[in-house]
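The whole structure should be built from the sequences, with the hints applied where relevant.
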Amino acid sequence: MAITLSGDQALPGPPLSSRLTPAQVWGIILLAPYLLVFLAFVVYPVCYGLWLARDPANYVALYNDPIFARAAVNTLIFLVIGINIKMLIALFLSGFFAMQRTWIKWLSVIFILPWAVPSIPTILSVRFMFNPEWGVINHLIFSFTGDDGPNWLNDPAVALSMAIGVHIWKSLPFWTLILITGRLAISHDLFEAAEVDGASWWQKFRFITWPSMQTLYVTCTLLSMIWTLGDFNSVYLLTGGGPADLTHVLATLGIRYLRLDQLSLAMASIVCAMPFVLPLVYFMMKRLSR
Amino acid sequence: MKLPSLRDVATEARLLLIGIPVFLWTMIPIYHMFLFAISPKEDAFSGKLWPDHPTLHNFEIVFKQQHYFLRDFYVQFWNSTLIAAAVGVLTLFIATAAAFSISRLKVPGGRMVLNLALFTYFIPAAFLAVPMYRTMGNYGLLNNHWSLILAMVTIASPYAIWVLKQASDKLPVELDEAAVMDGATTLQIFRLVYLPLMMPSLVAIGTYAVLLAWNEYLYAFLLLSNDREITLPVALGNFLAADDSPWELLMTTGFIYALPPAAVYYAFRRYMVGGLTAGAVKS
Numbered sequence: 001m002a003i004t005l006s007g008d009q010a011l012p013g014p015p016l017s018s019r020l021t022p023a024q025v026w027g028i029i030l031l032a033p034y035l036l037v038f039l040a041f042v043v044y045p046v047c048y049g050l051w052l053a054r055d056p057a058n059y060v061a062l063y064n065d066p067i068f069a070r071a072a073v074n075t076l077i078f079l080v081i082g083i084n085i086k087m088l089i090a091l092f093l094s095g096f097f098a099m100q101r102t103w104i105k106w107l108s109v110i111f112i113l114p115w116a117v118p119s120i121p122t123i124l125s126v127r128f129m130f131n132p133e134w135g136v137i138n139h140l141i142f143s144f145t146g147d148d149g150p151n152w153l154n155d156p157a158v159a160l161s162m163a164i165g166v167h168i169w170k171s172l173p174f175w176t177l178i179l180i181t182g183r184l185a186i187s188h189d190l191f192e193a194a195e196v197d198g199a200s201w202w203q204k205f206r207f208i209t210w211p212s213m214q215t216l217y218v219t220c221t222l223l224s225m226i227w228t229l230g231d232f233n234s235v236y237l238l239t240g241g242g243p244a245d246l247t248h249v250l251a252t253l254g255i256r257y258l259r260l261d262q263l264s265l266a267m268a269s270i271v272c273a274m275p276f277v278l279p280l281v282y283f284m285m286k287r288l289s290r
Numbered sequence: 001m002k003l004p005s006l007r008d009v010a011t012e013a014r015l016l017l018i019g020i021p022v023f024l025w026t027m028i029p030i031y032h033m034f035l036f037a038i039s040p041k042e043d044a045f046s047g048k049l050w051p052d053h054p055t056l057h058n059f060e061i062v063f064k065q066q067h068y069f070l071r072d073f074y075v076q077f078w079n080s081t082l083i084a085a086a087v088g089v090l091t092l093f094i095a096t097a098a099a100f101s102i103s104r105l106k107v108p109g110g111r112m113v114l115n116l117a118l119f120t121y122f123i124p125a126a127f128l129a130v131p132m133y134r135t136m137g138n139y140g141l142l143n144n145h146w147s148l149i150l151a152m153v154t155i156a157s158p159y160a161i162w163v164l165k166q167a168s169d170k171l172p173v174e175l176d177e178a179a180v181m182d183g184a185t186t187l188q189i190f191r192l193v194y195l196p197l198m199m200p201s202l203v204a205i206g207t208y209a210v211l212l213a214w215n216e217y218l219y220a221f222l223l224l225s226n227d228r229e230i231t232l233p234v235a236l237g238n239f240l241a242a243d244d245s246p247w248e249l250l251m252t253t254g255f256i257y258a259l260p261p262a263a264v265y266y267a268f269r270r271y272m273v274g275g276l277t278a279g280a281v282k283s
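Sequences listed follow chains A and B, in order. The numbers in the numbering used here rise by one with no breaks, and the one at position 231 of the first sequence is 231. The numbers in the numbering used here rise by one with no breaks, and the one at position 192 of the second sequence is 192.
Think of the hints as simulated: they come from the structure by calculation, not from any bench. Positions of the beta carbon are idealized from the N, C-alpha and C atoms, including for glycine. Check before you lean on any hint, since a few could be wrong.
[Stated by the list, open to error] If you want the footprint, here are the derived chain B segments under chain A, 3+ residues with CB under 8 angstroms:
1. 104-115
2. 211-219
3. 259-266
[Claimed, not checked] So, partial list: chain A residues that the calculated Cβ filter (under 8 angstroms) puts toward chain B:
4. Tyr59
5. Phe96
6. Phe111
7. Ile186
8. Gly254
9. Val281
Structure below.
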């Protein structure tokens, strides 16, 4: 479609605008604000950042920094294990919430709360819950067993798992919601026909639900992985990267270098993630801009 | 009416077996926050599941700014409000104009701009934060509200443009053509035909941008540092600086801070679910 407006609105002017219709001139004017924001706050920072990270010595320094290697491994664990667990739970719960029950409808309203409230107070709430001295968890452990509970956030493996748990707590409702819409789009006739044929629960999932949802599921998983790379809050607010900088992920590591005034290292650590991020982004763009 | 069969009871029980853990999992961190907000300090730190003397005293302290950490509470609350509102308005303006231009006016190169926006949408925000911090320094905007506003607009608008573009593609072409026949100018079409029809999506996107800005911690904490310039989430993070933090006041402030977005979310839920999930993942 091209809107060609009649001549009486044609702007008199330079040769450029005479080749464009007035509608196209307006199109360029209306697109300009975004282009300005994009140039000033995306193109310039990215180019400037890449320029800062140009020195190969940065990459040698990163390679020699054990915290970087640890953060890279943590990020992989976060993405590969954390996201897949989250998406499997979301897939399972989307089936649960698609059930027609009044109490399940109400539960789904409550279930969305973690997504609706800001993450700072809730993550800090979890952090204090697991405080070894005053937290309610260790108080309960003490009153039931008479033993002191563990110092939860002081063990890097436990602390990282808890950061993953906090991440799941926060974003599970969103992905469940998306998968519910996917599930509700499946024709109900298929399930009725399967019911008549005496299909089991697993067969219905395997031959009806999964084939119609697998594209959506894979898209969601990849998208969640890309976004989780930028999940700063779950780790920073819960563990602060500690104990001994062992629970950093790439998102918090970049900020750590920044705070230590090692800007070029911060940029270099981000550049190192690009070989993994860019193919994912390319794949997602192919999918979404069809 | 017959009694429910054994099979129905078993199904219901199995559903409850899923429902109860889901309820507990969702509510425990929020309940814990609420519990702290209504507990005096002694009760909060003694791990009780319900305080012996529930009180609203913490709220009184917060609202009267009677603590070192809270002395700028109102200013910070106002900063958060102002920045969220500015981000909402600016994002709506930029994204609606861009979506109209790309989808309705078919501006040359519009497709490419959309792809660039989509690409920005996929850059993890924490990665962009590092160069953004330096850029704002170069522009001389650090410690200025505009730095956070512009950064959040940059982050919010790609998704906004994308969702609005999808929504405007669904409007029939004939509407524009009829308006042109009647002699409407491009701006009149935008104002009188396009905007009213796009209202539901605009509400969803406005809400999205406002909530994104209100909830943002990382950018706010990098770009603003002066106590009277920071937003509420940064102030909450600053509580952690001290070893003997008043956690009951932190949780009370956090609870107050969490209420507006939750209220907005539930008030606009109808629009949010329709407008956002449709755009979030196109299957």
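Hint-by-hint comparison with the structure:
1. 104-115: holds (count 9)
2. 211-219: holds (count 4)
3. 259-266: The restraint on the segment 259-266 of chain B holds, since 4 of its residues have a Cβ under 8 angstroms from chain A and three suffice.
4. Tyr59: Since chain B brings no Cβ nearer than about 16 angstroms to A:Tyr59, farther than 8 angstroms, the hint is violated.
5. Phe96: Status holds, d = 5 angstroms.
6. Phe111: holds (5 angstroms)
7. Ile186: It is violated, given that the least Cβ distance between A:Ile186 and chain B is near 11 angstroms, above 8 angstroms.
8. Gly254: holds (5 angstroms)
9. Val281: Since the shortest Cβ distance to chain B is 4 angstroms, the answer is holds.
Checked against the numbered hints listed earlier, the structure breaks hints 4 and 7; every other hint is satisfied.
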